[in-house]
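A.B. asks: For reference, the chains in residue letters:
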Amino acid sequence: MAEFLSFRDGDAAQEPAVTVEAFTGQSNATAVRIEPGDDARELLPHLGRIALVEVNFPVFGDGRGYSAARILRESGYDGELRAVGDVLVDQIVAMRRCGFDSFRPDKPLDDAAVERALNRYADVYQRTIDGRSPVWAKRRPETQNG
Amino acid sequence: MKILTGNDLQSGDVIWWAGDGWSRLVAEAVDVGERGDDLARTEEAALRVVGAYVIDGTLTEEGPRPAHIKDRIRALGPTIRPDLTLKPADADIGKWVI
Amino acid sequence: MGDLTMYRYDSYDQAIVDARVEEFRDQTQRRLAGQLTEDQFKPLRLMNGLYLQLHAYMLRVAIPYGTLSAAQMRVLGGIARKYDKGYGHFTTRQNLQYNWIKLSDAPDILAELAKVEMHAIQTSGNCIRNISSDQYAGVDAAEVADPRPWAELLRQWSTFHPEFTYLPRKFKIAVIAADEDRSAMRLHDIGLKLVSRDGVIGAEVYAGGGMGRTPMVAPLIRDFVTEDEIVAYLEACLRVYNRYGRRDNKYKARIKILVHEIGVEEYRRQVEEEFAHMRQQGLNPPVEELARIRAFFAPPAYETGLSDKIDRADPAFALWVDRNVAAHKAAGYAIVNISLKPQGGIPGDASAEQMELVADLADRYSLGEIRVTHAQNLVLPHVRKADLPAVWQALEEAGLAEANLDLITDIIACPGLDYCALANARAIPVAQKIAARFADPQRQRDLGELKLKISGCINACGHHHAGHIGILGVDRKGVENYQLLLGGSGAQDASLGQITGPGFSEDGVVEAIEKVTDIYLEQRQDGERFLDTYRRIGMKPFKEAIYG
Numbered sequence: 001m002a003e004f005l006s007f008r009d010g011d012a013a014q015e016p017a018v019t020v021e022a023f024t025g026q027s028n029a030t031a032v033r034i035e036p037g038d039d040a041r042e043l044l045p046h047l048g049r050i051a052l053v054e055v056n057f058p059v060f061g062d063g064r065g066y067s068a069a070r071i072l073r074e075s076g077y078d079g080e081l082r083a084v085g086d087v088l089v090d091q092i093v094a095m096r097r098c099g100f101d102s103f104r105p106d107k108p109l110d111d112a113a114v115e116r117a118l119n120r121y122a123d124v125y126q127r128t129i130d131g132r133s134p135v136w137a138k139r140r141p142e143t144q145n146g
Numbered sequence: 001m002k003i004l005t006g007n008d009l010q011s012g013d014v015i016w017w018a019g020d021g022w023s024r025l026v027a028e029a030v031d032v033g034e035r036g037d038d039l040a041r042t043e044e045a046a047l048r049v050v051g052a053y054v055i056d057g058t059l060t061e062e063g064p065r066p067a068h069i070k071d072r073i074r075a076l077g078p079t080i081r082p083d084l085t086l087k088p089a090d091a092d093i094g095k096w097v098i
Numbered sequence: 001m002g003d004l005t006m007y008r009y010d011s012y013d014q015a016i017v018d019a020r021v022e023e024f025r026d027q028t029q030r031r032l033a034g035q036l037t038e039d040q041f042k043p044l045r046l047m048n049g050l051y052l053q054l055h056a057y058m059l060r061v062a063i064p065y066g067t068l069s070a071a072q073m074r075v076l077g078g079i080a081r082k083y084d085k086g087y088g089h090f091t092t093r094q095n096l097q098y099n100w101i102k103l104s105d106a107p108d109i110l111a112e113l114a115k116v117e118m119h120a121i122q123t124s125g126n127c128i129r130n131i132s133s134d135q136y137a138g139v140d141a142a143e144v145a146d147p148r149p150w151a152e153l154l155r156q157w158s159t160f161h162p163e164f165t166y167l168p169r170k171f172k173i174a175v176i177a178a179d180e181d182r183s184a185m186r187l188h189d190i191g192l193k194l195v196s197r198d199g200v201i202g203a204e205v206y207a208g209g210g211m212g213r214t215p216m217v218a219p220l221i222r223d224f225v226t227e228d229e230i231v232a233y234l235e236a237c238l239r240v241y242n243r244y245g246r247r248d249n250k251y252k253a254r255i256k257i258l259v260h261e262i263g264v265e266e267y268r269r270q271v272e273e274e275f276a277h278m279r280q281q282g283l284n285p286p287v288e289e290l291a292r293i294r295a296f297f298a299p300p301a302y303e304t305g306l307s308d309k310i311d312r313a314d315p316a317f318a319l320w321v322d323r324n325v326a327a328h329k330a331a332g333y334a335i336v337n338i339s340l341k342p343q344g345g346i347p348g349d350a351s352a353e354q355m356e357l358v359a360d361l362a363d364r365y366s367l368g369e370i371r372v373t374h375a376q377n378l379v380l381p382h383v384r385k386a387d388l389p390a391v392w393q394a395l396e397e398a399g400l401a402e403a404n405l406d407l408i409t410d411i412i413a414c415p416g417l418d419y420c421a422l423a424n425a426r427a428i429p430v431a432q433k434i435a436a437r438f439a440d441p442q443r444q445r446d447l448g449e450l451k452l453k454i455s456g457c458i459n460a461c462g463h464h465h466a467g468h469i470g471i472l473g474v475d476r477k478g479v480e481n482y483q484l485l486l487g488g489s490g491a492q493d494a495s496l497g498q499i500t501g502p503g504f505s506e507d508g509v510v511e512a513i514e515k516v517t518d519i520y521l522e523q524r525q526d527g528e529r530f531l532d533t534y535r536r537i538g539m540k541p542f543k544e545a546i547y548g
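Protein chains in written order, with full-length UniProt numbering: chain A, 1 to 146; chain B, 1 to 98; chain C, 1 to 548.
Hints listed in this document are in silico derivations from the structure and should not be mistaken for laboratory results. Every value quoted in this text rests on a predicted model; they were computed, and no experiment measured them. We put the CB at the ideal spot given by N, CA and C, even for glycine. Careful: at least some of the hints might be erroneous.
Claimed, not checked - Not the full set, but computed from the structure, chain C residues with beta-carbon under 7 angstroms of chain A:
#, residue
1, A15
2, T159
3, H161
4, N242
5, R243
6, R247
7, D248
8, Y251
9, G282
10, L283
11, P285
12, E289
Please build the complete structure, drawing on both the sequences and the hints.
C.D. replies: In structure tokens form, the structure reads like this:
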């Protein structure tokens, strides 16, 4: 069972994350924690000094963190983006697609189940910032051939 | 009386706690007194029931009668398809619901 | 399914749906083995349209934008016979529900559906639901374009969308392309109406409509978005909603509340800002993909030189033609509406045999194609006029030729307390009593277009707010009680019904409706529908007749 999952090269950031308000008000923190009601765009002026963004999911059904993650990645953030809280195996694929690259769930995840979930779907319909090619991009050669 | 009801986990059938197990017939339901919530937890954990809950009912000459119309419809079946109820031969059974 | 003019899966689409079946099989096995609790399993089964209802599990199958092939309909009938009690229920979302499903059978049912390119994905849950559309799409001479390619594009885009799977609440999108709105477009979370501007097709976008306990007619938020940008635009609409829609109260979580609370101007401003950003993200499929999808919906090879003449010698047939047959864009063809509202029947229900008959008729007479309407009826979209008598004859024999389209007995009703765990009152028995009271076909025709819609609870699955006459079932101290509403419309003249006053018993509401229709007959002026008269004279005379 995995208490921490990372899809990044190198060590996970260790510095404790501070709130968005504390982070934007001080200059030396390098880790910040986004709660569901926070505006991820407040971090955009500071991306250069961030090593870790934690996005908290107090309950799995609150999906605001997916938007927060995608906004940060779309704006060029390339540091660690960690989902914490009520993170379940059935959400891992969507979270990966939105740019999360590490996970610290409240309850440990079964590694085999995570592996199965990540390999379940060979293709996706949407372009996101995860670099996967959506089916509409893969179809183009077929279309051109006839 | 207090009646414990729920659905069979695998088939989805409406079931009633009958004292030593579950029955599809509300007529076999027993008064669970204060034990309903504990029973529900145990039986859900044993994978015999899903969505178990305790309802109020009265003991009538025809047997236990759930207090709310919703549970009487659950006990019988859809009132507009008498052929699919638990008593398809009884033309007047719909009246029991109301 | 050879020459169908509807979307066909390619290997990518098929692999995604097949993978979903196996994923759900795995989840179901884990649940039955006790490895998943109900709390953990519930959101997973809901994402596959599997509810725990009043009597059993209920499975809701998606019928994308209401378009079905004959082969698909045949499979739906077969599933009804093999896994259910021999019937299914067509819903106001153009979907099909089975009422008596065993959990252990659900994966096998999904596998049977997948074989004919169907699924139950996102038919529940707080995600983007099945896209709805006009049942006359592609065959209505008045539409500016076929809306189905847009709907298919959005079906694919919304399937497993990673950012929008845990929205504040469910999200319903409709696409139409004619001035006449047969889809209640403005009562959707987002409604798209295709329009032509300088020869270019684009969509007017309406946002924040809906029914439920706080009904709203959606305002226009953008007057033109082209197909090659619609994905990025909708991503913007959904992202603003996902971030700022209310999550503190599920009854205030739909997008209509957000748009209402911050105002349409502010919502529009935020969407435009997000859209400017989304445009830079490369989210829109290229024009080649749009063309690829559109090619599937190219008009079929209609026969030419067909006669428009219909032999009206049989009076019953002629009445059915006048009521249930609509004009088709191709000469010599007609659109046939199949009423699922026979006297004594259950609105929207169809038996396995009826589904199979409709499939056979579609194969023989409608180029293999069927549509489902939000009014819970079926449509054969491409019938040669010369074949109408044969189609009618076959429908008549199967109890499917009720000539009541849009009349007072063509009632929309949710399953209500006979099937639904959320309901407060039964809806189907009320529909049956009203239909019996107005059983005389001549009387129905005299009353003309009259859309009657019944919901068994405030969630409004029976569209009661949008009924010319609406009925809402409530629970009054454990007794079923029915409120009456007048003046609603889900069409292009969308409006919300007003409650007449105190509610009624089941029989009382039938009496009240009779009084309401009597006032209409007394007061109507030439050519006025019930709705027109109500709008002209207002609630007062009706209220006096009911309560006076």
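A.B. asks: Output the indices of the hints that this structure fails to meet, ascending.
C.D. replies: Numbers 7, 8 - these are the hints that the structure violates, sorted from lowest upward.
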